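Listed below are the residues making up each chain.
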Amino acid sequence: MLLNILHTVLHVTVALTLPPLLLGVIGKVKALFAGRVGPRLLQPYYDLFKLARKGSVISQTTTWVFHLGPVMGLVTPLLALLFVPLVDSHAPVSFNGDLILMVYLLGLGRFCTASAALDTGSSFEGMGAARELTFACLAEPALFLGLLVLVKLTGSMELATMLGSSLAGHWPTAGASLVLVLLSWFIVLLLENSRIPFDDPNTHLELTMIHEVMVLDHSGPAFGMILYGASIKLFLFAALLVRLVMPVSTGSLALDWAVLVGGVLIVAVAIGVVESTVARLRMTHVPLLIVAACLLSGFGLVLLLR
Amino acid sequence: MHALLDALVIAILALNLYALGVSRIRAVINAVALQGVLLGGLLFLVHATLDVRGALLVIATLVIKGVVIPAFLVHAMREAEIQHEVTPFVSFMSSMLLGAVGTGLAVGFAHTLPLAEPHTNALLVPASFATVWTGFLLLITRKKAIMQVLGYLLLENGIFLFGLLLLEAMPFMVEIGVLLDLFTGVFVMGIIIHHISREFSSISTENLAELKE
Amino acid sequence: MSTRIILVGLLLSAISGLPGLFMSRHSHLGPRVAACLGGVGCLLGLAGLAHFWFMGPTAPVSVTWSLPGDGLSAGIDGLSAIFLAPVLFLSLLAHVYGLGYWPPSDHPATGVKLRVFLGLLTCGMALLVLARDAILFIFGWEIMALAAFFLVTTEDHKAEAREAGWVYFVATHTSTLILFGMFALLHRVSGSYALAPLAPGALPPGAALAIFVTALGAFGLKAGLMPLHVWLPGAHAAAPSHVSALMSGVLIKMGIYGLVRITSLLPDPPLAWGGATLLLGVVSAVLGVAFAIGQHDLKRLLAYHSIENIGIIVMGLGLALMGRSLGRADLVMLGMAGCLLHVWNHALFKGLLFLSAGAVVHATGTREMDRLGALARRMPHTALAFLVGAIAICGLPPLNGFVSELCIYIGLLRTLSGVGTLAVVGAVFAAPALALVGALAAACFAKAYGTVFLGQARSPIAQVAHEAPWTMTAPMAVLGASCVLIGLVPLLVAPALEAGVVAWAPALMQSAPPLRTWVPLPALSVVGLALLALLGAGSLVLRSRQRQTGVAAGAVWGCGYVAPSASMQYTSASFAQMLVAMFAWALRPRRHGAVAPVLFPARVPVRGHVPEVVLDLFILPPVRLVARVFTALRVLQQGQVNAYLLYVFLALVVLLMWR
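Residue numbers (our numbering), protein chains in the order written: chain A, 1 to 306; chain B, 307 to 519; chain C, 520 to 1178.
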C-alpha cells in the first residue's frame, strides 16, 4: 500500500518535471551535430517560466474554443501518462482496456488543438490542422497494431501488464515482432511529436509546417501550456519505447527509475541524431512512411498469429 | 541462432517494402544490394558446417549480389544518364500496400504447403514467396528498364531464399551456375538499357511499344 | 400491462396530426395540439417502457382475425425495449423541436402534412419493434416506410426533395419485397408467422443461409449498409432536420433491429456469418466516413456518418454472432452490448447533430458549409451542442460514443486469444480499422465544426444568423445531457443492455456474468470525471495567469500578410483534400475547371465534389438501360380505342389457340 503511494507520487512527479528536459537534450544533440554549443539543457524550463509570465495577444475572431486547445493539449497527455507503467508493472491508474483510452485521450487532445487552430480563421492554421488530423488517421492504426502485438503476447489489456516486467520473457521467443513494433512506434513518435523527417519544429516557413503552424496564434501562458503538453506527449511516447525495449524489473526502486530516466534520455538522443542526419520528407511522401509503420507492426502481428 | 535467422528474414521483408515504396532508383539499388548481403548472411547461418564449398558460395553470393551487380547497375545508370526518379504505373502507396497484402497472403499460403517438419514454422518459405511477389510487382508496375532489372534481381533473391531449404540436396555447380546466369543477364540488360536510351533518349519501356510495327 | 400502455401511447401519437387537418394552415393551435398529443403519446410509451424495465415482462397482447396468419401479437422483451426507447425519446424531442423549426408562419403549406406523418412514423416504428409475428412486423414496416416517404418529400415543390423521395421509395420497397421473401421462407420452415426462436437442427443449412442472406439484404437496405446505402444521403439531406434526426437516429436502426431479431431466431449460426457481417461492418464504417469527408453539404455529411455508425453497430453484431458460433459468452456480451449501446448512442448524438444542423439551416437558410463560418459567436448554444455531438460521434472520451466503441474494441481484442481460423484472425484486424474510422471521423468533424462554427463568416448570411428559439435548443440540451450522462455513468445503462443481450441469445447468456466483468464501466466514470476536473483546473489556471499577465486583442497572424480576408480561410474542401486524395480509389472525386498553366492566370472558378459513387456508377446506368427498353414498349400504348380493341381481339385469338 505504502509502496503503491510512493510509486504513484514518483510517477506523477517524474511525469510533471522530466518532460521538458527531453526537448533540451534533443536541442543539445542537434547543436553538437551542427558544431555549435547550443542552448543550455534546462533552456525549455526557462522558456516555460518566461512564457507563464508573458502577456497574451488573442485574435478578435476567436471564441472560447480557442482556449480549449491549449488546456486539452496539456491535460490529455498528462492523463494518458497515468496509464503507462514507468517502472516495474505499476501504473497509477490501470484497468482492462486502458490502452484504448490512452489512444483516444490523445485523439481528444488532437481534436481540440485542431479546433482551436480553426477558430482563428487563418488559412495557415487551417492547413496545419488538416495535415495533423490527416496524418493522425494513419498513425493511430500503427500505434494500435503495435498494442495488439503486446496484447497477443501478454494476454492482457492493461498497459501496466502489457508493458510490465512480464514482457521481458517474450523477447527471446517473439523478438522479431517486438523489433518491428519498436521500429513502427519510433516512426509514430517522430510523427506524433512533429519531428524530422515529418515536420521541422524549427522551420521558419509556415507553409511547410504541420503541428507548429496550428499554434501560431497562441501566446503567453497558453503557448507555454502547449509546449509543456507537447513535451509530456513526447515523454509518453518515449516511455512506451523504453518499456517496450527494457521491460525489466531489477528489484531496486532506484535502479528501476534510473533505467527509465536513462532510457528516455537515450530516446531523446536518438531523436536528436535522426533530426540531425535525416532530411525532411516531401509532404506527399509523408503518408508513405506512416503506412510503412502500419505495415511493420501489422507484420509483427501476422508473425504472431500465423 | 533461430532468432538471428528470423531477424535477417524480417529485414529482407522490410527491404522488399522499402524497394516498393521508395522513389529514387539509387535507393532501390541499395535495397537490392543490401538484400544480397543479407542473403549471404542467411546462407552462412543456414549452413550447419562451414566447408570449402559453403564458404565459396557465401563469398560468391556476397560479392556478386551485394557488390558487383549493384555497382554495375549504378554504372549503367550513370552511363545511360538515367534520371533518378522511379516512374511507376501504380502509385508508391498502392504498390507498397499490394506488397504487404502479398506478404500476408504468402504467410497464409506457406501454412498450407506440405513442407518438411523443420521448415513448417520457418519464415523462409513465406519470405521467399513474398520476395518473388515483390519482384513481380516491380517488373509489372515500373516504367524504366532499369527497374525491370531490379525486379528480376528481387525475383531471383526470392528463388534463392527457397533454394536455401534445399541446400543439402542442390549440387554446388547449379548454384554457382545460377549466380553466373544472373550476372550475365544483368550484363545483357545493362547493354540493352544503354541501347534503348541511345535510341529513344529515355529508358521508359513504353517506347518499346513503338517497335511492334 | 406495459405493452398496453405503450399501445395507447402509440394510438395517441398516430392521431396527433389529425386535428390539424381541421384547422387553418396558419393557426398556431394545430402544431401545438399535435405536439401535445404526440408528446403525451411518447411519454406514455416511455412510462410503459419504464414499467417493463422495473416490473419485468408481461404477456403479449394478441388479436385474432380472419385473414391469413394466426392473428396479430404485440409484446415487449429486452431487445424490443432497447430499440423502442430511442424511437419514443427522439420522437418526443422531435415534436417539441418541430414547434420552433417548422412554424406555420414559415411553412403553411407543408406543416400539416409533416405533422400527420410524423406521428404515423413514430407509430409505425414502435409497432414493428413490438411485433411478435411477421404480419404485424410488415404492417409496422410499411407504415414506417410510407410515412417516411411523405416526410422526405415534405417540400415536394423542390426537385431535390422529389428525387430523394423517389430513390428512397424504390429502395424501401425493394427492401419490403425481399422481406416478404424472407418471411415466406421462415413460414415454410417453421410453419407459423410467429417471431419465435427455431429449434436447433430444425432448419436445413440451405434455408438458414437463405434466410440470413435475405435478411442481410432487406434490413441492410433499410439500415444503409455500405453498398446498399444509396437512398440514405439524399433522403437525410432533403428531409426537414427533425425528420432527418428521426430517420438517422431511429428509422435506419429498424434495419438493425430486424437483423438482430432474425439472427436471434436462427439457431447455431456458422462462424462465416459472423465473419461476413463483421467485414460488411468494417467496409461500411471506413467507406462511410471516407465519403463523409468529401461532402460540402452539412446534412449530407451527417448522413454519411450514419452509414459509418451503422457499420460500427454491424461490427458489434458480427462479433456477437462469432461469439455465438464459438460458444463464447464474453464475445457475445461485448459485441451485442456494444451494438445495442451504439444504437442508443447514435440515436442521441446523431439526433443532436441533426437538430443542431437544423438550427443552422433555420438561421441561415443554407446547408453549404463553405458559405457559413463564425456561427459560434452568433449561436453559442447551438455551437456548444454541435461540439458535444461531434466529440461523442468521434468516439472520444468522456462522452457516450467512447463507451460503446470500447465494448466492441475489447471484444475484438479478446478474439486474439481464440483459435486461429481465418474469421477469427480477420476479427483482430477490425480493431485497427476501427481506430482508423475514429481518427477519420475526428478529422471530418473538426472540418465540419471548424468550417461552420469557427473562423470568420464566409458570406453575409452567416453574419446575420440568430440563435434558435428555446423549443429548438431545449431538445438539443436534453440530447447533449444524455450523451454526457451515458459517457460519465455508463453503469446506468448496463442493466438494460444486459437484458437485451440475454433476449438475443438466451441459452448462452442466461447465466453469463454482467457487462462490467469485461468492460471497466466504473473506471470510465472515474477517468471521465478526472478529465473534466483537470480540464476545469487547467482552464482556471490559464484564465488566472492571463488575467495577471494581461491580454491584448489583436488580428490573426497572417504570416506577414496585412490584409487577410474571410475568403482566404481554409475551406471544407481544402481541409479534406489530402484525405479525399487518399481515398480517391473509392470516392472518385470530380473536379470542374482548372487553373491555366500561365504565370498570371485570369480568374478561374474551380469546384470539386464527391458524387454518390454506387448510385451514379452502378445503379443508374442499368436503370437507364431498362428504362430505355421499356420506353420502346410504349409504342403499344396508342391511346386509341380501336387499337385497344385490336389487342383484346388478338388476346382472344391467342387464348383460343391455346391448347
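Please note that the accuracy of each hint is not assured.
As the list claims (entries may be wrong) - Quick partial rundown of chain C residues pointing at chain A, CB under 8 Å, derived from the structure:
id	residue
1	Phe-688
2	Val-689
3	Leu-696
4	Phe-699
5	Ala-703
6	Pro-916
7	Phe-921
8	Val-944
9	Gly-945
10	Ala-950
11	Ala-958
12	Gly-974
13	Val-1046
14	Leu-1050
15	Leu-1053
16	Ala-1072
Unchecked claim - Covered by chain C, according to a simulated footprint, are these stretches of chain A (three or more residues, beta-carbon under 8 Å):
id	region
17	8-15
18	69-82
19	152-162
20	235-245
Read the hints as simulated data drawn from the structure, not as lab findings. In this text the structure is predicted, and so the values were computed from the model without any measurement. Beta carbons: idealized from backbone N, C-alpha and C, even for Gly.
Numbered hints the structure breaks, given as an ascending list: 1, 2, 3, 4, 5, 9, 17, 20
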